[in-house]
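Asker: Protein chains in written order, with this note's numbering: chain A, 1 to 371; chain B, 372 to 688.
Mixed in with the good hints, there may be bad ones.
What the hints assert, rightly or not - Simulated restraints on C-beta separations: (1) B:Asp526 / A:Ser22: 31 to 41 Å; (2) A:Thr2 / B:Asp526: 14 to 24 Å; (3) A:Ser22 / B:Glu661: 50 to 60 Å; (4) A:Glu283 / B:Gly484: 31 to 41 Å; (5) B:Thr640 / A:Glu283: 53 to 63 Å; (6) A:Leu261 / B:Arg448: 33 to 43 Å; (7) B:Asp494 / A:Tyr246: 50 to 60 Å; (8) B:Cys389 / A:Leu315: 49 to 59 Å; (9) A:Glu283 / B:Arg469: 16 to 26 Å; (10) B:Arg499 / A:Met1: 27 to 37 Å.
Unchecked claim - Examples of chain B residues lying across from chain A (beta carbon under 7 Å, computed): (11) Val459; (12) Pro461; (13) Phe467; (14) Arg481.
Since the hints were made in silico from the structure, they are not lab data.
All values derive from a computational prediction rather than experimental measurement.
Cβ coordinates follow ideal geometry from the N, Cα and C atoms, glycine included.
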Amino acid sequence: MTPRIIAANLTVRLKSFYREKSAMFFTLAFPVILVLVFGTIFTKPEHLDFDLPVQDLSQSAASARLLDALTTDHTFRITPVPGSVDATQYAREHKQTLVLVIPENFAVLEAKRLGARDASVSVPLTYVHDPSSTSVNTKIQVLDAIVAAINQKMTGTPPFITLVATSILSEQYRFIEFFVPGIIAMAIMTSALGNALNMNAELRQKGILRKLATTPITRTDWLVSSILYQLILSIVSTVAILLVSYAVFDVRLHIDAWLPLIVVIEVIAFVGIGMLLTPFAKEAESASAVGNAFLFPMMFLSGTFFPVEMMPPFLQSFAKLLPLYYVNEAMRSAMIFVDDAATLRLAGVAAGFAAIAFVAGTFKTRWDGET
Amino acid sequence: MRHDMPNSEHAIVVEQLCKRYGTLLAVDNISFTVAKGELFAFLGPNGAGKSTTAEIIETIRAPTSGRVTVLGMDVTRSRAKVIRRIGVLPQGFSSFDRITVRESLSYYARVFGCDADVDALMDLTHLRSKANARFSTLSGGLKQRVGIAAALVNDPEVVFLDEPTTGLDPHARHAVWEVLKGLRERGKTVFLTTHYMDEAELLADTVAIISKGRIVAIDSPARLTEQHANYMRLTLGSSDAAAPALIRQMGFDATRTSDECICVPVNNTDDVRAILGAIERAGLSLSGMEVRKPNLEQVFLKLAEEHHSDAANEGSK
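So here's chain A without its partners, still in its complex pose (with noise of 0.2 Å):
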């Protein structure tokens, strides 16, 4: 391994990187693009706020207590519906996936159980609802639970049992939290992988390589290379992913020596996989083809988007084969869970991976065109 060789090889390589712009724009946009994007979609807004068509019937002031309780923490956005309409009909034509129907004789019926105490008086509340929307259910519950602590509060006496929430967390953490750490390990894979295929079978097919071959440059001069040139543009990358994930969604997330770490774990692991891969990218076509048939299934199962316990059991156990799955793991165990002692084990696991494939990719590297 000779420095001079190494800092010769890098030096081409970020020059070359750097004026390829649009190559340039998108190894750094795309995951940025990804936190924006996903952290929009499933960031949950900090009151939940559901619109509620409400046809009150009763028109009473015991139906206008009602319709306080539903709004007094924000979560309903009442529309009132005219008492002339169907119900259903109206769900129908407004799109509308849940409807309550307050019923005529709400007033009487809440007069004989408060005034009269009389027990065994209850009112129907009937909704209006469309099974099929995905997020109705959540409604509902929300629903359910008013009612059910608007009775609690009828009956005068305060609840026997509570729950109290213990996370397991250093601090409450929402999805954009669980995905950031998923994003930059996403990232440095697709890049590391992506590049060493990419470049390796450019130049072979170009027969850079042969001219190569027949210089002092060693296979592991060239595998340490590519090793350092990747390593750089996952620092960019890792650095652009965290700023726009602070500015942008305001993410709480502890960063400390691990996560260098386990960005050095990472690139080795893959841009030595990616060497192994090389004899099956002959041209720079198939490059792109063969990296993606590695990159896509590793992205899905190994809990980059949601956590592999929603996977079904043998699933998981697939993921437990899969480099990217320590490697995701132990992101959250240093940037979330803040737990070192799993942040150990996992990242030696993923750093075995690494050396590994770091040995074979050396192994593998072959300057000349003889098959």
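Place chain B on chain A using the hints.
Answerer: Only chain B this time, still in chain A's reference frame:
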């Protein structure tokens, strides 16, 4: 080590070299030497085994059997040492697209760890005006010249040029030839592979003709033509039907190649004079004539044909 001691006379020694790809014997028991300071041309059609042989000598490929030494060093055992003392323009040379000529040359110089005078290299290869042009913007001829300059960054004693002018237009070929002449003037040993006869004839001190993995002839271009094509070719422009018969009566082998042309191999200018005199005396028409000295192309075609029929005979036995 004894076998790594430099041999004072020979830059390259190839002994009983074979290279097999599966069932194909690409290089079939080749032996030859290249003297120091000589421009050695390896001439043969595509697929004859030229580049394979060159790449074994350049240390890119491993031989199946046989032994190759460069500057007294075994290419398989002393690969790292050999690489530092040779310069290679591989077949179909290419470099990093977005890197300029000057940067490319500096890169290769850094890789070799030598303090190359990049400007002087660009002067030698006539690339000074393109110093800041990116590789991807260069024409084929300029790219080849960058490759030649890159092959010289470590001031090598032996320079390998694998088909340096393939695919170039005539002007670009001449420009590359000028560079090659400059190399020879500097006393470099040059190993050139080519399938262009004129290139070998013009530039080489020694030509080895390779066909189907074997060397069929090896000598200076002048001696090769003398040995294998020691006749001139007289082409006469005459539509007279009687002309070929008349020439044949004189003991020459006349062939009508077209309605207007008759081709006659002759030994010397006296033969030419005698034939022209006979045509004049017979009152036959003569619209033009051309006498061509034999060249390497005829040698090559003749040898390739002989080798081919030998091989066919061997096959039929």
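Asker: Now tell me if each hint is right for this structure.
Answerer: Now the hints, each set against the structure:
Roughly 39 Å separates the CB atoms of Asp526 of chain B and Ser22 of chain A, a value that falls within the hinted 31 to 41 Å. Distance hint for Thr2 of chain A and Asp526 of chain B: a CB-CB separation of about 19 Å, consistent with the stated range 14 to 24 Å. Between Ser22 of chain A and Glu661 of chain B the CB atoms are about 58 Å apart, so this pair conforms to the stated range of 50 to 60 Å. Take Glu283 of chain A and Gly484 of chain B: their Cβ atoms lie about 33 Å apart, and the range 31 to 41 Å holds.
Taken as a hint, the range 53 to 63 Å holds for the pair Thr640 of chain B and Glu283 of chain A, whose Cβ atoms sit roughly 58 Å apart. Checked against the hint of 33 to 43 Å, the C-beta distance between Leu261 of chain A and Arg448 of chain B comes to roughly 42 Å, which is consistent with it. Between Asp494 of chain B and Tyr246 of chain A, the C-beta spacing of about 54 Å keeps the proposed range 50 to 60 Å intact. With their beta carbons about 53 Å apart, Cys389 of chain B and Leu315 of chain A fall inside the hinted range of 49 to 59 Å.
The hinted window of 16 to 26 Å between Glu283 of chain A and Arg469 of chain B holds, with their beta carbons roughly 20 Å apart. As the Cβ distance of Arg499 of chain B to Met1 of chain A is approximately 35 Å, the hint placing it in 27 to 37 Å holds. This hint holds: Val459 of chain B has a C-beta 4 Å from the nearest C-beta of chain A, less than the 7 Å allowed. Here the hint on Pro461 of chain B is kept, as its CB sits about 4 Å from the closest CB of chain A, short of 7 Å.
The closest approach between the C-beta of Phe467 of chain B and any C-beta of chain A is roughly 6 Å, which is under the 7 Å cut-off, so the hint is satisfied. Taking 7 Å as the C-beta contact cut-off toward chain A, the hint placing Arg481 of chain B at the interface holds, the least distance being around 4 Å.
The structure fails none of the hints (numbered hints given earlier).
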